[in-house]
Amino acid sequence: MSLTTDDVNQIAYLARLGIDHQDTSSYTQNLSDMLELVAQMQAVNTENIEPMAHPLDNIQRLRPDIITETNQRDAFQTIAPQVEDKLYLVPKVID
Amino acid sequence: MHTKTLTEISRGLQAGDYSSQELTESYLKRIKQHTALNSFITVTEDLAIAQAKQADAMLAAGNAPVLTGVPIAHKDIFCTQGIKTSCGSKMLDNFIAPYNATVIEKFNQAGAISLGKLNMDEFAMGSSNETSFYGTVHNPWAENTVAGGSSGGSAAAVAARLISGATGTDTGGSIRQPAALCGITGLKPTYGRVSRFGMIAYASSLDQGGTMTQTAADSALMLQTMAGFDTKDSTSAEQDVPDYSANLNNSLQGLKIGLPKEFFDDSLNAEMATAIETAINEYKKMGAEIIEVSMPNLKLAIPAYYVIAPAECSANLSRMDGVRFGHRCDNPEDLNDLYIRSRGEGFGTEVKRRILVGTYALSAGYYDAYYIKAQKIRRLISNDFTEALKTVDVIMGPVTPTPAFGIGEKTKDPIEMYLADIYTIAVNLAGLPAMSVPAGFIDNKPIGLQIIGNYFDEAKLLNVAHQYQQVTDWHQQTPQGFE
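As you go down the protein sequences, you meet chains Z and U in turn. The first sequence: position 24 = 24 (the numbering used here), numbered continuously. Throughout, the numbering used here is defined as the position within the second sequence, counted from one, plus 1000.
Derived from the structure by calculation, the hints contain no laboratory data. Since we're looking at a predicted model, the values are computed, not measured. Accuracy of the hints is not assured; some may be wrong.
[Said to hold, decoys possible] Calculated cross-link-like contacts (lysine to any residue; reagent style SDA-like; alpha-carbon spacing at most 20 Å):
id, chain 1, residue 1, chain 2, residue 2
1, U, Lys1084, Z, Ala75
2, U, Lys1232, Z, Asn58
3, U, Lys1299, Z, Leu37
4, U, Lys1299, Z, Ala75
5, U, Lys1376, Z, Lys92
6, U, Lys1299, Z, Asn58
7, Z, Lys86, U, Pro1098
8, U, Lys1376, Z, Leu35
9, U, Lys1299, Z, Asp65
10, Z, Lys92, U, Asp1330
11, U, Lys1090, Z, Ala80
12, U, Lys1412, Z, Asp33
13, U, Lys1232, Z, Gln72
14, U, Lys1376, Z, Phe76
15, U, Lys1232, Z, Asp33
16, U, Lys1376, Z, Lys86
17, U, Lys1412, Z, Glu36
18, U, Lys1299, Z, Asn45
Bound-form chain Z, shown alone:
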């Protein structure tokens, strides 16, 4: 399966991932090659095969509903790009 540069631009937007304009065609080629590689899977009959999401087929472990985390906001916010009044700052979303 072959992708177009428009497809790649759309996927990049969905992933919120900036790619340089001049690199779009090489990403398009790489992605098309990868899809060709994985296309081998389509020839295999997998009817009635249960998808395997996890190697040990574990179920999600439950624990008592008790708070175990301590508040580490100050430690976490010292490495944040921009904070003010203990809030993470981003550009204005609503005018």
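Mind docking chain U on chain Z? Use the hints.
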């Protein structure tokens, strides 16, 4: 002192033959002498000396754990509190981890010395260490060749005897492949054996931390410290940890070794085939029985992996958004611009490729055709292993198609690079433990023998590897210039 194995160093420290501080200073000096390898991203000299002084006090007081005072280093994927944890990426170049990974906590409690953080492919995506933001690691056996990846810094540093052992992680071969290319012993444990808490996630259903050492006996000591159930990792296995050193000397008489015919078909390089056959002959001499097994779905491992791993990575790496930590672009116009440019500037080309493929595979209309299909194939591959391991104790084969390739040789064609992991990837899909053991040389470059075992049978793997290392000396070879 640097030629000693981790086991010998531990014995020497316990016996008081030398202090941890002397040892640590001697290794730090070697690290400074061999910066050209580019195996370290960060060297934590002051911390190491402080830890060594503490270790010496523990040793003097008696009853110190076996790794007390032993200098090791960690792949830069493990979060280390107060120390830069970059994961080989510009995105995390400014990231000082606010907490320790469970693995780091365990080594700290055991009194081990951390000399620093080791180079790696960006976010563990690569087979040559060439995707690292910090540059390529050079293979100590031939400086114009790659050290392998993604744990390339770990492998090169152990091979050059700059450290006595290292941690690594393996998602599709990232411990075993560099271990093979650098002539050291690598162990990828069963999925869930070692906690993933604080180990930066690439593909969460495949990632597993493990050991990179000179010998299998060294690996047993490191795994003993790393392994165990962790409530902080919801996929951690609630299984007892056996004594990994207890069975190292068991006889291999009657051991059943399975050789998958799909590993040994015409596509296997003739020199590699000869080297692996020679290794298997050593096992025959030790009384092992060789049985051919068939695993017809092995060839689908690469296609399934290159859907599952990118899908998981595209979800995992969405947390790198320029808001709470990591790289943020200058002067974002709006929130979308902040996300798009921060991620665009922070991630390298290979990481972007995998995020794009994963995003595509998980998008509406393609999810069943790619992601669910790949998970069904994953089941078929896992069933092949389960079937084979009903009749044999371990499965053997090559680790890599060739010895170390040239720097730059495969960077232009990503698919060619992916095929470097053709013999290792299936193990991750199944979640099984596997090792790479030094098994000879082709053109003066080391190669590895792969040993795959059943779930939670690491003790058996270590026994099988250790016995081979009693009758061969490949693991004792040191590259020229690093003796």
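Hints versus structure:
{"no.": "1", "hint": "U:Lys1084 x Z:Ala75", "in the structure": "holds (14 Å)"}
{"no.": "2", "hint": "U:Lys1232 x Z:Asn58", "in the structure": "holds (16 Å)"}
{"no.": "3", "hint": "U:Lys1299 x Z:Leu37", "in the structure": "holds (11 Å)"}
{"no.": "4", "hint": "U:Lys1299 x Z:Ala75", "in the structure": "violated (47 Å)"}
{"no.": "5", "hint": "U:Lys1376 x Z:Lys92", "in the structure": "violated (44 Å)"}
{"no.": "6", "hint": "U:Lys1299 x Z:Asn58", "in the structure": "violated (26 Å)"}
{"no.": "7", "hint": "Z:Lys86 x U:Pro1098", "in the structure": "holds (16 Å)"}
{"no.": "8", "hint": "U:Lys1376 x Z:Leu35", "in the structure": "holds (17 Å)"}
{"no.": "9", "hint": "U:Lys1299 x Z:Asp65", "in the structure": "violated (45 Å)"}
{"no.": "10", "hint": "Z:Lys92 x U:Asp1330", "in the structure": "holds (15 Å)"}
{"no.": "11", "hint": "U:Lys1090 x Z:Ala80", "in the structure": "holds (15 Å)"}
{"no.": "12", "hint": "U:Lys1412 x Z:Asp33", "in the structure": "holds (13 Å)"}
{"no.": "13", "hint": "U:Lys1232 x Z:Gln72", "in the structure": "holds (16 Å)"}
{"no.": "14", "hint": "U:Lys1376 x Z:Phe76", "in the structure": "violated (40 Å)"}
{"no.": "15", "hint": "U:Lys1232 x Z:Asp33", "in the structure": "violated (39 Å)"}
{"no.": "16", "hint": "U:Lys1376 x Z:Lys86", "in the structure": "violated (46 Å)"}
{"no.": "17", "hint": "U:Lys1412 x Z:Glu36", "in the structure": "holds (17 Å)"}
{"no.": "18", "hint": "U:Lys1299 x Z:Asn45", "in the structure": "holds (15 Å)"}
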